[in-house]
Amino acid sequence: MTTYAIEAEGLEKTFGHTVRALAGVSFAVEEGTVFGLLGPNGAGKTTAVRILTTILRPDAGRGRVLGHDVSRQAEAVRAVIGLAGQYAAVDENLTGRENLSMVGRLNHLPRPVVARRAVELLGQFGLSEAGDRPLKTYSGGMRRRLDVAAALVARPKVLFLDEPTTGLDPQSRIELWETIETLVGGGTTVLLTTQYLEEADRLARRLAVVDHGRVIAEGTPAQLKADLGATVVEVGLVDAATAEKAAQLLAGTATKPTSVVGRSVEVPVDDGPRAAMEVLRVLDQNAIVPTEFTLREPSLDDVFLALTGRRTEIGGPGDGAEPAGAKSRRRRRGRQAAATTAEGGPR
Amino acid sequence: MTTVTTTPTSPPAALSGTPAHGVGRVRWAIADTLTITKRNLIAYTRIPEALFFSTLQPIMFVLLFRYVFGGAITPGHGVTYIDFLMAGIVVQSVSFGGIGTAVGLSDDLQKGLIERFRALPMSRAAVLAGRTTADLVRNVFVIALMTGVGALVGFDFPKGALAYLGAVGIVLVFAYALLWGFAVIGLAASNSETAQVMAFPILFPLIFASPAFVPLHTMPGWLQAFATHQPVGVVVQATRALMVGPALVGGSTAAHVLEALAWCVGLLVVLAPLAVWRYRRAA
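Same order as they appear, the protein sequences are chains A and C.
Under the numbering used here, the residue at position 262 of the first sequence is numbered 262, and the numbers go up by one with no gaps.
Under the numbering used here, the residue at position 18 of the second sequence is numbered 18, and the numbers go up by one with no gaps.
Hints are computed from structural coordinates only; laboratory data are not their basis.
The C-beta atom is built at its ideal place from N, Cα and C for all residues, glycine as well.
Warning: the hint list may mix true and false statements.
Chain C stretches covered by chain A per the calculated footprint, using a threshold of three residues with CB under 8 angstroms from any CB of chain A [unchecked claim]:
1. 22-34
2. 82-88
3. 108-121
Incomplete in silico selection of chain A near chain C, CB under 8 angstroms [stated by the list, open to error]:
4. 55
5. 71
6. 75
7. 78
8. 91
9. 103
10. 111
The task is simple: from the sequences and hints, build the whole structure.
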């Protein structure tokens with residue numbers, strides 16, 4: 001029998017009268033696993049997390065954490081969860097240790113336990129030396145690590161990580177991934193929201209792709225990527241007309257429909273290197289010379305294109321997973337719906 | 001079951017218990033308030049602007065009024081200006097200090113700290129209660145500092161130390177009531193700059209159209225009517241009556257004190273629920 005640590009059933013939330021952040025979101029997270037909510041900015045990921053952590057009340061639907069209803073048994077939920085991420089901050093005027101102690105005391109842990117946990121966590125997150133410095137002096141990566149550490153003080157059984165690595169440099173991102181993997185090894189259930197397919201792929205056992213307040217796909221990362229082709233060959237050409245022509249010529253090589261983005265063609269394929277040779281051969285036979293040639297992993301953008309037929313509006317600071325130039329290419333493409341900013345919502 | 005590192009001495013289950021009821025709940029609410037109070041007090045010592053507003057600024061004000069404006073103002077009844085000034089400047093100081101409450105709360109909200117608090121199994125009231133308690137402690141410190149500086153520049157406790165302490169008590173009760181008003185502003189403002197901008201136009205007329213720095217009789221009649229009856233004016237009169245005697249203020253000390261306390265209770269009864277309501281809404 002499978003037990004679920006987190007259950008969301010038809011969650012709905014509208015801010016004001018117009019901004020529909022969640023339009024009926026359902027998913028369930030097995031105990032002791034990592035579940036990824038993947039989606040662009042404004043998709044409703046944070047709103048879902050805020051509801052499941054008792055910060056917001058849903059307009060409709062229900063959420064349960066370890067069997068406790070998030071609306072009616074909020075206190076019981078708060079006693080078993082930890083929350084870190086985007087909007088849940090730490091106090092920058094306090095030291096790392098003071099922050100951890102504060103959270104521990106607010107969880108009503110006895111003083112000696114709090115002191116011991118602070119030492120353990122500072123050590124575990126590589127912050128022992130910085131532990132007695134105010135957070136103002138921390139780097140972005142250190143601050144994020146402390147944020148996650150603060151969520152762990154009371155050893156929560158269920159951990160919510162809202163875009164934990166957004167804005168982090170690649171090195172800090174990998175370190176945080178390793179920490180999360182250790183946690184799950186210890187049996188903690190984790191709900192992770194992210195804009196990065198790579199992150200969800202690495203950490204999550206199952207994923208739900210969220211768009212405009214709805215779950216548009218759910219499955220294991222492998223299932224989602226199988227629908228995409230393992231690799232994308234991106235070919236830059238001299239002009240848009242040539243790109244269109246190349247797209248038609250390469251349709252036979254691709255495992256999924258090719259797409260033209262400005263002066264580039266994107267060709268989803270299964271066997272990257274072999275397909276690359278094939279692509280070049282086809283282009284050569286037709287006397288087309290590429291100006292750029294790239295092999296890359298499918299991104300969230302590709303998942304979205306495959307699922308919705310349109311591009312995402314991800315972007316903004318720290319959006320490292322997206323290939324450079326993708327934003328300007330998208331703008332020229334001009335097909336995507338207007339960006340939504342439901343996630344911030346009115347306070 | 002859970003856990004990151006497996007420390008043998010640690011229990012395997014989540015550490016925090018299920019919410020208590022009755023007496024346990026009250027005990028938790030007090031403990032949470034103290035935790036938040038401590039956090040705010042620590043933060044004050046690490047924010048340079050907050051340190052400035054709580055230490056140097058009050059000192060500068062005492063010196064400024066004593067030496068720059070003081071020479072031009074005669075309180076009458078043979079009272080020296082510094083003796084007259086102490087009541088006004090202490091009330092002024094705690095009033096302006098409230099801006100720190102508004103700015104701090106608005107900052108916590110904006111930076112997401114309150115989001116974290118909301119997801120913790122802590123008392124819902126503790127964030128506001130801890131903030132106002134910390135600011136009350138800060139006010140005690142500020143008043144002590146101003147008293148010291150005042151004494152150095154000639155304030156000689158005309159009615160004795162006990163009456164002075166009574167006056168300070170009234171100022172603190174007033175400060176505490178006022179803090180809830182600043183909490184409302186902090187929770188309503190979209191950011192700390194807005195919180196400041198919102199607080200000033202409310203404070204300025206209350207502080208300066210009052211007998212805080214100049215004797216009432218020097219103002220035009222219509223302004224005197226406002227200055228005598230608005231809360232800052234009333235509290236200044238009561239404080240001054242206690243510190244230097246009722247002759248300077250007119251009427252009896254007891255009447256002034258009662259009027260001041262009535263204002264404090266009235267403000268608290270209106271402003272505290274308003275702040276709590278705003279806090280619940282500010283999600």
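Check: Are three or more residues of the segment 82-88 of chain C within 8 angstroms, CB to CB, of chain A?
Finding: n = 0 at 8 angstroms, threshold three: violated.
Margin query: Just to be careful: measuring from the Cβ of residue 71/A to every Cβ in chain C, is the smallest value less than 8 angstroms?
Written below: Hint on residue 71/A: violated, closest Cβ of chain C at ~13 angstroms, above 8 angstroms.
Margin query: Hint validation: residue 55/A versus chain C, beta carbon distance must be below 8 angstroms. Holds or violated?
Written below: holds (5 angstroms)
Notebook entry, point to check: Does the CB of residue 91/A sit less than 8 angstroms away from some CB of chain C?
Noted result: At 6 angstroms from the nearest chain C Cβ, residue 91/A passes the 8 angstroms test, so the hint holds.
Margin query: Just to be careful: measuring from the Cβ of residue 103/A to every Cβ in chain C, is the smallest value less than 8 angstroms?
Written below: holds (7 angstroms)
Next item on the list: Please count how many residues of the segment 108-121 of chain C have a CB within 8 angstroms of a CB from chain A and say whether that reaches 3.
Entry: Coverage by chain A holds here, the residue count being 11 at a Cβ distance below 8 angstroms.
Note to self: Given a cut of 8 angstroms on the nearest C-beta pair, is the interface hint for residue 75/A held or broken against chain C?
What the structure shows: The hint holds - residue 75/A has a Cβ within 8 angstroms of chain C, the shortest such distance being about 4 angstroms.
Notebook entry, point to check: Is the hint on residue 111/A kept, meaning its closest Cβ partner in chain C is under 8 angstroms away?
Noted result: violated (11 angstroms)
Checklist line | Within 8 angstroms of chain A (C-beta), three or more residues of the segment 22-34 of chain C | finding: With 3 residues in contact (Cβ-Cβ under 8 angstroms with chain A), the coverage given for the segment 22-34 of chain C holds.
Next item on the list: Would you check whether residue 78/A satisfies its interface hint, that is, whether its CB is within less than 8 angstroms of any CB in chain C?
Entry: holds (4 angstroms)
The earlier numbered hints that this structure contradicts are 2, 5, 10.
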